[in-house]
Amino acid sequence: MNHFASVVVAITLAASGAAIAQPAEQYIALPSYRVGPYAAGGSGFYGGIIDYFNLVNLAGGVNGVKIAWEECETEYNPSRGVECYERLKTRNGGATLVEPLSTGVAYGILDRLAVDKIPMTMIGYGRSDAANGKVFPYVFPLITSYWNQAAAMIKYLGDKEGGIEKLKGKKIVHLYHDSAFGKEPLPVLEALAKQHGFELIKIPVTPPGSEQQSQWLQIRQARPDHVILWGWGSMNAVAIKTAQRNGFPREKILGVWWAGSEEDTVPTGDAAKGYSAMTFNTPGNYPVLDEIRKKLYDAGKGNLADANRVGSVYHMRGVSAAILWVEAMRTAQDKFGKGKRVSGEQMRWGLENLNVDEARQKAIGAFGMLPVVKTSCDDHEGSGAVKVQQWDGKKWNAVTPNWIVGDKALTRKLLEESSAAYAAEKKITPACAK
Amino acid sequence: MLYREAGQFKTSYQADGQIFPILQDRLALLALLVIAAVIVPLAASPYALSAILIPFLIFSLAALGLNILTGYAGQLSLGTAAFMAVGAFASYNFILRIPGLPVLLAFVLGGLSAALVGIAFGLPSLRIRGFYLAAATLATQFFVVWCLTKIPYLTNYSSSGVITAQPIVILGYAFDTPDRKYLLVLAVVAVMALLAKNMVRSNVGRSWMAVRDMDVAAEVIGFRLMRTKLLAFAVSSFYCGVAGALYAYAYLGTVEPEAYNLDLSFRILFMIIIGGVGSILGSFLGAAFIVLLPVLLNVIAHSLALPTSVASNLELMVFGALIIFFLIVEPHGLARLWQIGKEKLRLWPFPH
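Just so you know, the protein sequences line up as chains A and B, in that order.
Residue 100 in our numbering sits at position 100 of the first sequence, and the numbers go up by one each step.
Add 434 to a position in the second sequence, counting from 1, and you land on the number used in our numbering.
In short, the hints are calculated from the structure, not lab data.
Please note that a few of the clues may not be correct.
Claimed, not checked - Derived BS3-like pairs: lysine-lysine, alpha-carbon spacing no greater than 25 Å straight-line:
| id | chain 1 | residue 1 | chain 2 | residue 2 |
| --- | --- | --- | --- | --- |
| 1 | A | Lys-171 | B | Lys-631 |
| 2 | A | Lys-168 | A | Lys-117 |
| 3 | B | Lys-444 | B | Lys-631 |
| 4 | A | Lys-202 | B | Lys-584 |
| 5 | A | Lys-295 | A | Lys-362 |
| 6 | A | Lys-362 | A | Lys-117 |
| 7 | A | Lys-273 | A | Lys-171 |
| 8 | A | Lys-160 | A | Lys-362 |
| 9 | B | Lys-584 | A | Lys-194 |
Assemble the whole structure, with the sequences as input and the hints as a guide.
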């Protein structure tokens, strides 16, 4: 072999070796927020996601494909969020998934997703009607949406009274964050109020909701049987404290899932005892969390500054989100080629064909932590099931042993109407993406 | 040296009354416009256009609007975001309810709606001033957002109060890519900035400044206070309204009323304070400082590979420290700093 040929062979070998040594990574964009008024929620949620990613990467990735991600601080500000999305989407060969955990940011990037072919999950927030994959092919309100939560809330309150028909003549206050987020459940609550004959009293709280004296005076005068607290951020702790000051029993308050974390109850001290809130995780401990503690936090590689927050509500929510994404990756790889990085479009297919059943949850070590999620083109939500948890003064406990599902026929009807209106406005022809 | 004026003679009133009396300034501005209108759209990445330059221009326009009211007419306002919201939601409704309405006309109508709201909420300025007026304009902020969440007609009965901006099509030409949107925003902002510059140099601007400096004296020498103040509110709100419409149509695409919250009003107020109160250039410098600097700091923090939680907090700290630094070094804002620099350059290298 002459000198020239050996050089060529060496270069070819080196190039192919490099290609084997560096398999493509699955890149995920995380426009997160770790400062500002909502930092507690953001750091816990994104901490959970990154902890689970690290765990998967330690075990060798998804069929050998490691997960890569990049964070960008949005401060929960829509304008910054759009900037972050635009910045992250082209990195590392293109983002294949995005999760902003902010209704404002999600709305800001909603129109760009289908053009960029990047799927977005909105786990527990955002547009409920995005569950219709025919109109929103790239949007996934996974696990459960606001509408199904609202329906489940009324079902739970009905069960508490001893049957949904017992709600007739009762008074329910909807105390809400006066924004798109707080108004999202209104169509469901109004329809259910008409159907079951209870009186719905809507009381808005101007964001951020640090002053609620007049609202709670109004509640005290109305003497409601239940109060739905649809709050976010600092509004929740203020509501619980003001309720205590006004002598309103916390047992009658049922919070939305963004009003049901340790960050909402611990600062209120004793005031929150007996307060209950919705959740899409079952509080408790799971093998996957133990593994995170052992393999990451004991090795000093955990993402949260405080290891005690592992297994807290927001952290567990982040872990659940990451579990669903990794399962979507796995599903997509099963179809498009194992051990290969899946594209944004293929990831979309994976999210649309998820089936995280009980057996799969057991394999992951998260059995019962989240409901069974099975998605399709018609149903980008995949479940709609929630639980109710109660604060005992120290920690959250699930008070409903089974997952609750509300009036899904009603939410489906509303979803069809609302997404049809969106499709007409945007001139979209509803169809399942291939 | 750079600013040598020797040989530049003004031989007519027109020459004396130019916006930029020095040749170098005219050339620099021309070059800047050519770069902004020709080279940037060709060279800049979609990220730079859609995530950096478009919001920068839109916030500059909003700051310009507030600067007319606060900087030139001396009426402190905290309702900027509300006027932006009126502009955005009014434009949305005009396009929605009147089929075939040109988009640019809808922006103008949106701006005019904002001007009407501005006049209504400017009325208290006849009786109160300073911080008290700021508190009164705060009412605009709450009232407008309340209206938008309360009256479903304004958001076309969308269940959560979120509107989706219609596509921008002007004379059959769709502004749907970042570079096209950027050019549209650039054109609108350039024209309106020129108008504003001329307005503040004219009789109208002088009447505003007279009212700002001492309204009793202004009244004594014959300026009609009510007309002057309300005109300032109307023009300022018009600018903010157009900025709000651009924010919804050319930037976000889908907005909820909460996007125009008090926080945004404050940010625009900080823009004019840092950029320079009573200065057209200051509006642009201030918007650049408030919009671009955090992004830049964020990029730097990321390139240093700091842990994200540290990077986020560090970004805020550096940003805050820079604000304090600039306000101590130059309380009159970045525009004044630029002006001092220019004067120094005129004398350089022989200061006397």
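Going through the hints against the structure:
{"no.": "1", "hint": "A:Lys-171 with B:Lys-631", "verdict": "violated, 59 Å"}
{"no.": "2", "hint": "A:Lys-168 with A:Lys-117", "verdict": "violated, 47 Å"}
{"no.": "3", "hint": "B:Lys-444 with B:Lys-631", "verdict": "holds, 21 Å"}
{"no.": "4", "hint": "A:Lys-202 with B:Lys-584", "verdict": "holds, 12 Å"}
{"no.": "5", "hint": "A:Lys-295 with A:Lys-362", "verdict": "holds, 19 Å"}
{"no.": "6", "hint": "A:Lys-362 with A:Lys-117", "verdict": "violated, 32 Å"}
{"no.": "7", "hint": "A:Lys-273 with A:Lys-171", "verdict": "holds, 23 Å"}
{"no.": "8", "hint": "A:Lys-160 with A:Lys-362", "verdict": "violated, 31 Å"}
{"no.": "9", "hint": "B:Lys-584 with A:Lys-194", "verdict": "holds, 21 Å"}
Of the numbered hints stated above, those contradicted by the structure are hints 1, 2, 6 and 8, listed in ascending order.
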